[in-house]
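Going by my numbering, the first residue of the sequence shown is number 285, and it counts up by one from there.
Hints listed in this document are in silico derivations from the structure and should not be mistaken for laboratory results. Warning: the hint list may mix true and false statements.
[Claimed, not checked] Label-pair ranges, simulated between beta-carbon atoms:
hint: 1; residue 1: Tyr371; residue 2: Gly521; range: 19 to 29 Å
hint: 2; residue 1: Ser393; residue 2: Gln343; range: 39 to 49 Å
hint: 3; residue 1: Leu336; residue 2: Leu418; range: 24 to 34 Å
hint: 4; residue 1: Phe508; residue 2: Arg357; range: 24 to 34 Å
hint: 5; residue 1: Leu418; residue 2: Trp324; range: 18 to 28 Å
Here the structure is a predicted model, which is why all the values come from computation and not from measurement. All C-beta atoms in this analysis are idealised placements derived from N, C-alpha and C, irrespective of residue type, glycine included.
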Amino acid sequence: MTLPTTEPDTPPDPRPQPGVVASTAGSHPAAQPAPWREAWRDRWLGWRDRLLASPRFQQLAAAFPPTRPIARRRSRELFDLCAGFVYSQILLACVRLRLFQHLADGPQSVAALVARTGLGEDALRRLLDGAVTLRLVEPRGRDRFGLGVLGAALLGNGGLPDMIEHHALLYADLADPVGLLRRDDRRDTALARYWAYADNPAASALPPDAVAAYSRLMAATQAFVADEVLAVAPLAGRRGLLDVGGGEGAFLCAAGARHPRLNLMLFDLPAVAARATARFEAAGLAGRATAHGGDFRVDPLPAGADTVSLVRVLHDHDDDTVLALLRAAHRALPSGGLLVVAEPMAEAPGAERMGAAYFGFYLLAMGRGRPRTPSALYTLLEAAGFPRPRLLRSRNPLLLQVVVAEAGSP
285 MTLPTTEPDT PPDPRPQPGV VASTAGSHPA AQPAPWREAW RDRWLGWRDR
335 LLASPRFQQL AAAFPPTRPI ARRRSRELFD LCAGFVYSQI LLACVRLRLF
385 QHLADGPQSV AALVARTGLG EDALRRLLDG AVTLRLVEPR GRDRFGLGVL
435 GAALLGNGGL PDMIEHHALL YADLADPVGL LRRDDRRDTA LARYWAYADN
485 PAASALPPDA VAAYSRLMAA TQAFVADEVL AVAPLAGRRG LLDVGGGEGA
535 FLCAAGARHP RLNLMLFDLP AVAARATARF EAAGLAGRAT AHGGDFRVDP
585 LPAGADTVSL VRVLHDHDDD TVLALLRAAH RALPSGGLLV VAEPMAEAPG
635 AERMGAAYFG FYLLAMGRGR PRTPSALYTL LEAAGFPRPR LLRSRNPLLL
685 QVVVAEAGSP
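Please construct the entire structure, taking both the sequences and the accompanying hints into account.
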């Protein structure tokens, strides 16, 4: 089939560049372009759209040597959009069959992988062929396969296989995307049930088994997150760190290892805080780390720390809840105390799809929250008493970005 191909040069975007925005969702510009400019842009883009939709233009672009590479690239991009779910299921099959672990010690023959995975030879070859094209595995001679560059990277990221398994819930909720978009009440989605605290007014009373699965997932994926945050967060010289929504305490354990004089406090639901206490004891941190149980939507945060961290917390919640939490953090901090916000953000350079597409729809299925731009967070932080927030230069904006701010005077 012939797919949309080249795109004529578009005029410069007349919209204001991101700054302080009116919408905390970060999805609208602060001001609208002048009517004449908007009308001119609409006419230009209307012509472009008609041209790209023309079968005749597509055929000419594919046949003309100077535009052929662009046409092929556009075709691949559109095909990848159509095939993305298939790619994800090939990855899931590799994870569930522990294919990467089987290849960790070196290349294996097809016969050896048949024995290890329990698949028939034809089915295994089909999986291997697909995984090769995705750079998950690669051929290593006659009937032998080893890790590909992405498979090796995945193997070194301990929490990623858990997240890949977890996506089965997301895909179930997205089986009818239009239906999900039209629903006003999303409290009965698979993700809402998994994240048991979501919109639960009695979250503090959740039993241990209701928080175990998501707590394990967050802990498993926290290692690479903690490295990113601690590489840039200015914690040197700080006396105490309160991690709000800190789960089992994986982030605090990493912070404690990097800053041995830092006193550690954690605040999360009582059943989760109990899991954190056990982790602190196992890590030998019981003497300097304490876990406090409560629900930050209704309970005050414990005082005593000069730094509060919110790691992968705010994007799970709507603006009213976020503003209330930031004000609670301000009350818990002394004047000049530091707030660290670390999470995936919208419009991250080079990671725009991650924010608007992936997290936008993940949080839709979860039933609340949204990815925010740094400037949207600035608006909320300033309203909560944190003047002059600033964005730190993180190593991997695709994973998360870090905003810090100091508490102003009450």
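Do the hints match the structure? See the list:
no. : hint                        : result
1   : Tyr371 / Gly521: 19 to 29 Å : violated, 46 Å
2   : Ser393 / Gln343: 39 to 49 Å : holds, 46 Å
3   : Leu336 / Leu418: 24 to 34 Å : holds, 28 Å
4   : Phe508 / Arg357: 24 to 34 Å : holds, 31 Å
5   : Leu418 / Trp324: 18 to 28 Å : violated, 43 Å
In this structure, the hints that do not hold are numbers 1, 5, in rising order.
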